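Trainee: With chain Y fixed as given, assemble chain X onto it according to the hints.
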Amino acid sequence: MKKYLFGILAAVVAFTGFAFKEAKSSKRADMYVFEFRSSQPYTQANVQNPSNAYWEYKGKNLSGCANINQKACRVLVSADYVDDPNSPTELAGVSISATQSGTTAHVTGISGSGNLYSNQAD
Amino acid sequence: MTFHKTYRPHISEGSRWYIVAEVAAGLLICLFLFTGLDKLYNYHQFKDALGKSPLLVDIANVLAWSLPVTEIMIAVALFIPVTRKVGFKATIIIMLVFIVYLSYMMAFAPKLPCMCAGLLESLSWKSHIVFNFMMIVLAILGIVASGKRSSAGSRAPPDGRGNMSGINRIQFR
Chain Y
1 MKKYLFGILA AVVAFTGFAF KEAKSSKRAD MYVFEFRSSQ PYTQANVQNP SNAYWEYKGK
61 NLSGCANINQ KACRVLVSAD YVDDPNSPTE LAGVSISATQ SGTTAHVTGI SGSGNLYSNQ
121 AD
Chain X
1 MTFHKTYRPH ISEGSRWYIV AEVAAGLLIC LFLFTGLDKL YNYHQFKDAL GKSPLLVDIA
61 NVLAWSLPVT EIMIAVALFI PVTRKVGFKA TIIIMLVFIV YLSYMMAFAP KLPCMCAGLL
121 ESLSWKSHIV FNFMMIVLAI LGIVASGKRS SAGSRAPPDG RGNMSGINRI QFR
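Those sequence lines, one after another, are chains Y and X. Once you know that position 3 of the first sequence is 3 in my numbering, the rest is easy, because the numbers rise by one and skip nothing. Once you know that position 133 of the second sequence is 133 in my numbering, the rest is easy, because the numbers rise by one and skip nothing.
Wrong hints could be hidden among the right ones.
What the hints assert, rightly or not - Sample of chain Y residues facing chain X (criterion: CB under 10 Å; computed from the structure): (1) Leu5; (2) Ile8; (3) Ala10; (4) Gly17; (5) Phe18; (6) Arg37; (7) Glu56; (8) Tyr57; (9) Lys58; (10) Asn61; (11) Leu62; (12) Cys73; (13) Ile110; (14) Ser111; (15) Gly114.
No wet-lab data here; the hints were simulated from the structure. Please read all numbers here as calculations on a predicted model, not as lab measurements. We put the beta carbon where it would ideally sit given N, CA and C, even for glycine.
Bound-form chain Y, shown alone (with noise of 0.2 Å):
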């Protein structure tokens, strides 16, 4: 049992890390994260616009995108600003400004409290 002592310590050390993680990221509030449709030109319009049409939903708590203004990638929004917090699809409620560079148009902000965005290389 001696020669288990360290690694018992060490997977005890691991789990009880993991779930005081874990404890502490679920009293986090969920970010709702919807996605350009990469099937959309990306023009300035089609970018300021939040219809699902355009920003497809894609997950709760995603990480954003490499954050290089070049074209639009993703949106992070509270509950606050989706359509049905249970099944989302669409964004509601919140105004995306975007500014049209070349060919392509990258978000510059975005209304509401603690939401956020990220942009991606052309």
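Mentor: Then chain X, alone, in the frame of chain Y:
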């Protein structure tokens, strides 16, 4: 005049290497178990982050489950004394693979977020590479300590119970 004999613990060389090997294995078990569990628990987020990486987009589906499973298997190998050396060697290989990937990401996509676990998430790509090198050093130390421990242990006489276990050879004199 009274003399009080002080007892200083003397740890034999074999025991010292035994502790080094155990601590190295313990720290790596902790790391792999934590990161492996975290990746499996947050499977969808991990798969999504892999899909965002230009290098891994084609194998994101396979990697999303095979990487955490490999990490947990390494933790198990490090836990079992018989397979511990294999675990240390696997640690070196997986850390080298991570370093190659991190170096690529640093060069071509430095702004992409890292889907690592726990504290590692807050590390920059550069700090992450330094951390991985430290883990390689730890694994090498573990291999050396495991070798030294067994060679030092083979020279030491067994105790009354024929026990050669390093932890039992910590003597007090």
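Trainee: Now tell me, hint by hint, if it's right for this structure.
Mentor: So, going through the hints one by one against the coordinates:
1. Leu5: holds, 8 Å
2. Ile8: holds, 8 Å
3. Ala10: holds, 4 Å
4. Gly17: This interface hint holds because 6 Å falls under the 10 Å limit.
5. Phe18: holds, 5 Å
6. Arg37: violated, 15 Å
7. Glu56: violated, 13 Å
8. Tyr57: Status violated, d = 13 Å.
9. Lys58: holds, 7 Å
10. Asn61: Check passed: Cβ of Y:Asn61 comes within 6 Å of chain X, closer than 10 Å.
11. Leu62: holds, 5 Å
12. Cys73: holds, 9 Å
13. Ile110: Since chain X brings no Cβ nearer than about 18 Å to Y:Ile110, farther than 10 Å, the hint is violated.
14. Ser111: violated, 24 Å
15. Gly114: Violated, about 18 Å.
The structure is inconsistent with the numbered hints 6, 7, 8, 13, 14 and 15, although it conforms to all the rest.
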